[in-house]
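Generate the whole structure from the sequences, applying the supplied hints.
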Amino acid sequence: MRVTYPTALVLQALLEGHHHGFDIMDATELPSGTVYPILRRLDAEGLVRSRWEREGVARREQRPPRRYYELSAGGAAFAREAILRVRGEAARESGRLEPRRAEN
Amino acid sequence: MGHRTWSSRLARGVVAAAAPLVPRTQREAWRAEWEGELAAVGGDDGATLHRRRRSPLAYAMGAPADAAWMRQRAIADLTLIDDLRHGWRQLWQQALVGLTAIGILALGMAASVTAFSVVSQLLLRPLPYPDPDRIVTLWERRDDTPAPADVAPGNFLDWRDRATTMSALAGAEPYSYDYTGGDRPEVLRAVQVTEGFFDIFGLPPVMGRYFRPDEHSKGANQVVVISARLWRSHFGADPDLVGRAIPLDEVPYTVVGIVPDDFQPHLLEDLPGQTAIWTAKAIEDYEPNIRTGGYWQVVGRLAEGQTLEAANAELDTIARQIETERPRTNTGSRVQVMSLREHLVGDVRAAVTLFAWAVGAVLLIACVNVTNLLLARGAVRQHELSIRTALGASRSRLVAQLLTESLLLSAISGLAALLLAIGAVRLIAAVGPRTCSG
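Residue numbers (my numbering), protein chains in the order written: chain A, 1 to 104; chain B, 105 to 542.
It is worth saying that the hints were derived from the structure and are not from the lab.
Incorrect hints may have been included.
[What the hints assert, rightly or not] Examples of chain B residues lying across from chain A (beta carbon under 8 Å, computed):
1. E132
2. E137
3. A143
4. A144
5. Y163
6. W196
7. G207
8. I208
9. A515
[As the list claims (entries may be wrong)] Beta-carbon label-pair distances, calculated as ranges:
10. L200/B / P6/A: 21 to 29 Å
11. L531/B / G74/A: 54 to 62 Å
12. D366/B / S50/A: 55 to 63 Å
Keep in mind the model is a prediction, meaning the values are calculated, not measured.
C-beta: ideal position from N, C-alpha, C; glycine also.
The following block contains the structure:
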């Protein structure tokens with residue numbers, strides 16, 4: 001699978017423990033129109049597993065359940081390798097890959 | 105949960121507006137996911153589970169792109185199936201055109217496949233014996249009958265004794281036996297072979313062995329090797345058959361070996377069917393004196409380093425010697441040595457090559473005809489294609505659709521051609537010459 005710069009950012013956000021679509025948007029500062037297709041592609045490739053939040057948690061907080069994304073075992077290894085690669089390419093071109101993070 | 109503001113209402117509106125783009129089967133889950141996230145970021149007042157960095161509307165602005173991506177992916181998955189379905193409908197609606205095209209293509213392809221099978225079997229496939237180019241057949245030629253003829257036993261014995269360009273020579277005499285071991289008596293096509301016959305071909309037996317030299321003498325030759333085909337059809341491929349006796353002409357013959365299916369030298373094409381059994385020939389006392397009216401077929405193996413030309417030259421010399429010694433019977437008697445392959449295909453090579461080219465031309469004509477047919481249909485479908493273009497179908501999309509239809513046509517034709525070709529090849533094997541049945 002081809003790993004673009006935004007894909008590497010999404011992978012890094014997942015590695016750092018961001019599991020929901022909007023959290024990943026905040027971690028990467030990418031728009032939702034970029035983040036979601038990347039998540040779906042990673043899901044289709046088996047690099048990411050997605051599931052629904054437990055019904056009880058959502059009900060307790062009086063909101064609908066959220067969808068939860070996490071790297072599969074193969075996905076985590078792939079992510080580390082892909083980030084290193086993209087970081088190397090980015091460093092060669094313009095300095096370094098520095099994903100912007102949410103301040104939470 | 106934070107109260108809904110104009111931004112969160114708008115965000116939900118964007119998601120609702122984009123939802124129809126998502127394939128129906130995934131739409132509900134897709135919408136639930138976006139609404140779950142929007143609910144988590146809450147309203148504009150900041151009463152939220154998720155400490156957000158942008159407004160709900162800003163979060164939701166990517167929903168249409170996400171929905172469009174899902175639609176695009178589903179289309180990519182479904183296009184081929186849709187095109188196949190559409191192609192099938194087209195074929196069905198214009199069944200006459202479709203059937204004609206399928207018929208033409210199937211016949212053209214079947215003829216090509218059949219022709220190639222024959223060419224491959226006759227001209228391309230190596231004979232199944234080790235070092236097959238050294239296996240030769242020997243025939244008598246007489247000045248008054250220029251066609252190669254079967255060999256008289258006396259002449260064969262002289263050739264065998266004198267030829268040095270051959271490492272081995274063996275004769276085969278057509279024969280038949282009544283097999284009485286089954287439910288009812290049956291005539292089995294047989295060949296009596298002289299010493300070393302099987303060694304010339306070099307093909308090991310499936311089981312057991314071939315004849316020993318001592319088994320080619322009278323009284324010791326009640327031994328038989330049988331074809332693997334007979335072994336399977338009459339003895340259920342019994343692994344213990346070797347060593348057991350079977351009744352031939354009401355005499356027990358001990359089975360000493362099983363001949364593999366590949367062994368089909370096709371020397372005795374004047375008898376129908378395939379050889380079922382081989383027995384060890386013991387030369388009769390009178391046979392060395394038989395010099396005319398030959399009824400044996402003779403095979404040999406060229407000695408190491410010898411050529412067909414050298415063998416022909418030597419055998420010609422030997423024939424002239426015999427002619428001098430026995431002028432009454434052997435005047436004008438000569439020998440022709442030809443390779444086994446030449447014997448098998450020599451007289452049909454030109455015809456088969458011509459046949460293959462002709463069939464290739466037929467396939468070409470079939471393709472041109474089908475192309476014309478499809479072009480004519482394309483003109484009729486102009487209206488349909490215009491409508492599809494007006495509805496937004498791109499040129500590449502139309503090309504993909506038409507290609508899929510052609511592929512469907514070819515696949516159906518190919519399947520029909522395969523069945524036709526199997527039938528044709530079987531027919532040729534049944535009625536065709538020598539090696540076609542291999």
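For each hint, the structure was consulted:
{"no.": "1", "hint": "E132", "verdict": "violated, 12 Å"}
{"no.": "2", "hint": "E137", "verdict": "holds, 4 Å"}
{"no.": "3", "hint": "A143", "verdict": "holds, 4 Å"}
{"no.": "4", "hint": "A144", "verdict": "holds, 6 Å"}
{"no.": "5", "hint": "Y163", "verdict": "holds, 6 Å"}
{"no.": "6", "hint": "W196", "verdict": "violated, 34 Å"}
{"no.": "7", "hint": "G207", "verdict": "violated, 43 Å"}
{"no.": "8", "hint": "I208", "verdict": "violated, 43 Å"}
{"no.": "9", "hint": "A515", "verdict": "violated, 29 Å"}
{"no.": "10", "hint": "L200/B / P6/A: 21 to 29 Å", "verdict": "violated, 55 Å"}
{"no.": "11", "hint": "L531/B / G74/A: 54 to 62 Å", "verdict": "holds, 56 Å"}
{"no.": "12", "hint": "D366/B / S50/A: 55 to 63 Å", "verdict": "holds, 59 Å"}
Hints 1, 6, 7, 8, 9, 10, counting from the list given before, are not met by this structure.
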